[in-house]
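> Protein chains in written order, with the numbering used here: chain A, 42 to 199; chain B, 931 to 1126.
Misleading hints may appear alongside valid ones.
Unchecked claim - To be clear about the criterion: a stretch of chain A counts as covered by chain B if any three or more of its residues have a C-beta under 8 Å from a C-beta of chain B, and this derived list gives those stretches: (1) 99-109; (2) 145-159.
What the hints assert, rightly or not - Have a look at the derived ranges for each label pair, beta carbon to beta carbon: (3) A:Lys188 <-> B:Glu940: 41 to 47 Å; (4) B:Ala1017 <-> A:Thr116: 18 to 24 Å; (5) B:Asp1074 <-> A:Gly109: 36 to 42 Å; (6) A:Gln162 <-> B:Asp1074: 31 to 37 Å.
Stated by the list, open to error - Which residues of chain B face chain A? A few of them, derived with a C-beta cut under 8 Å, are: (7) Met931; (8) Tyr963; (9) Ala967; (10) Asn970; (11) Gly972; (12) Ser976; (13) Glu982; (14) Phe986; (15) Phe987; (16) Pro991; (17) Thr1002; (18) His1005; (19) Ala1017; (20) Leu1021; (21) Lys1111; (22) Asn1120.
Hints listed in this document are in silico derivations from the structure and should not be mistaken for laboratory results.
Glycine included, each C-beta is placed from N, C-alpha and C at the ideal position.
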Amino acid sequence: MKTTRPKIIDAIEANLDLFSSDAVNIVITRPDGLVIWENLKDKQRVQELGALGCGLWQSASTLAKFTGNNSLNSTLVFGSSADGLYANNVKIADHEYIIFMVYKNCMNPAKLKLKFRSLRQQVEDFLFFEKEEETNNDKIFSDITDKEVDDLFSFSEV
Amino acid sequence: MSFVNYQTKEINCKIVYYGPGLGGKTTNIQHIYSKTAGKNKGEMVSLNTENERTLFFDFLPLDLGEIRGFKTRLHLYTVPGQVFYEASRKLILRGVDGVVFVADSQIEKFDSNMQSFESLKDNLSEQGYDLKKVPLVMQWNKRDLPNVSPISELERSLNNFDFPAFEASALSGEGVFETLKMVSKLVLMNVKGSVL
Chain A
42 MKTTRPKIID AIEANLDLFS SDAVNIVITR PDGLVIWENL KDKQRVQELG ALGCGLWQSA
102 STLAKFTGNN SLNSTLVFGS SADGLYANNV KIADHEYIIF MVYKNCMNPA KLKLKFRSLR
162 QQVEDFLFFE KEEETNNDKI FSDITDKEVD DLFSFSEV
Chain B
931 MSFVNYQTKE INCKIVYYGP GLGGKTTNIQ HIYSKTAGKN KGEMVSLNTE NERTLFFDFL
991 PLDLGEIRGF KTRLHLYTVP GQVFYEASRK LILRGVDGVV FVADSQIEKF DSNMQSFESL
1051 KDNLSEQGYD LKKVPLVMQW NKRDLPNVSP ISELERSLNN FDFPAFEASA LSGEGVFETL
1111 KMVSKLVLMN VKGSVL
C-alpha cells in the first residue's frame, strides 16, 4: 500500500513561512473543486470554499474566452485596502491547481500579494521540474459489498 | 476524478445530480442534508435565484464512514436544469465520478427529460467520458403524483443502457438514499489508486 505523501504538498509547505499570520488563509484546489491543501481554522468550511472558489474560477475563465484571446493573464481579485480575495492558477501540461488567498486586516496587501506570487512560482517550478506522480490504475474497491456500502451510510437517519 | 490520499487514508469522489428543470435535483440534496448528522456534513451551498431555482449549483460535502481503512467523502453537486444554463452544466460536470439522472415522471415532462439526457450524453462525451462506463443511476422522481408515465415507458425512452434505476419521491425522501447508495457503490467500484 502506497504511503508516500504527495510531493506537491511538500512543495507548498516548504513555503509556509511566507504566510505566518492567522489572518491569511490559503486554499489550493484542483479544477474540480477538490481541496488538496489549506490552512483554515474552520475546517467545516473547507469543502464549501473549494466548491465556491472553483465555480467562480471556472466561470470567470469561461467568460474571459469571450474576448477571443486564450492567453489572458489569469488572476481573480476582490479587495479593499485591508481585506480581500486573491486567486491565481498554475498549469503545467495536464496538471492544474488554483490557489486562493483570503486575507483580513492586512497592513500591506501589496506585500502579501508578492508573497502569494512567490508561492505560486514555487508550485509552478515544482510541477515543471519534478517527475509526475506515479499513477496506479488498479481499481481498489472493485469487490465492494452491499454491506460495506450500507455501513458507510450508517450515520444517516435512514 | 476521484482523489485517493494514501497518507491521510482519505478518498474524495464527485457526484453530480443532473436532469430537467424543477425535476427534483435540489430536493434530493436537501433531503440528504436534512437526514445527515452534523458531524458528517459540511455546509450546503446553494447558488440560486430569488425564487429558489438553481442558478449555478448546489453543493453538499458528505463524510461517510470508513471503507477498508479509508475515510470516504462525497462531493454532491446539482446542476441548474433550465435549458439556457448549458454552459454552467458543462463546468460542473468536470471531473465527475458519478451521475444521478433525476427524471421528472410527469407525462408532460417527457420532452424535457429527453432533452436533458441528450445534453448529459453530449457533455460527458465532450469531456472524454464513455457513457456506457460512467457510474450512472437513473431516478424516476415524483412517483407520488397522479399524472406520471409508467416505469416501463421511462425505461424504454431514457434507459437504453440499462443503468440501475430507482423510483423516488424526493419531497418525502422516498428513494433518495437508495439512489445515493447505489451511485456511491458504483463510484467506489470505479476508484483507481491514482494519488493526484
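> Can we keep the alanine 1017 of chain B interface hint, with Cβ of chain A closer than 8 Å?
holds, 6 Å
> Is the shortest C-beta separation between methionine 931 of chain B and chain A less than 8 Å?
holds, 7 Å
> Lysine 1111 of chain B was flagged as interface toward chain A. Is the shortest Cβ-Cβ separation under 8 Å?
Since the shortest Cβ distance to chain A is 5 Å, the answer is holds.
> Min Cβ distance, phenylalanine 987 of chain B to chain A: is it shorter than 8 Å?
With Cβ-Cβ at 6 Å, under 8 Å, it holds.
> How does the region 99-109 of chain A fare against chain B when you require at least three residues with a CB closer than 8 Å, holds or violated?
holds (count 3)
> Would the stated hint for tyrosine 963 of chain B survive a check requiring a Cβ distance to chain A of less than 8 Å?
At about 11 Å, which exceeds the 8 Å cut-off, the nearest Cβ of chain A leaves the hint on tyrosine 963 of chain B violated.
> Is the interface hint satisfied for asparagine 970 of chain B? The criterion is a beta-carbon contact with chain A at less than 8 Å.
Constraint on asparagine 970 of chain B satisfied, holds at 4 Å.
> Close enough to count: is the Cβ of leucine 1021 of chain B nearer than 8 Å to one in chain A?
Result: holds, 4 Å to nearest chain A Cβ.
> Have a go at the histidine 1005 of chain B hint: is there a Cβ in chain A nearer than 8 Å to its own Cβ?
The hint holds - histidine 1005 of chain B has a Cβ within 8 Å of chain A, the shortest such distance being about 7 Å.
> Does the CB of glycine 972 of chain B sit less than 8 Å away from some CB of chain A?
holds, 5 Å
> With 18 to 24 Å as the target window, see if alanine 1017 of chain B and threonine 116 of chain A comply at their CB atoms.
holds, 22 Å
> If you take the shortest Cβ to Cβ gap from asparagine 1120 of chain B to chain A, is it below 8 Å?
holds, 6 Å
When held up to the earlier numbered hints, the structure conflicts with 2, 3, 5, 6, 8, 12, 13 and fits the remainder.
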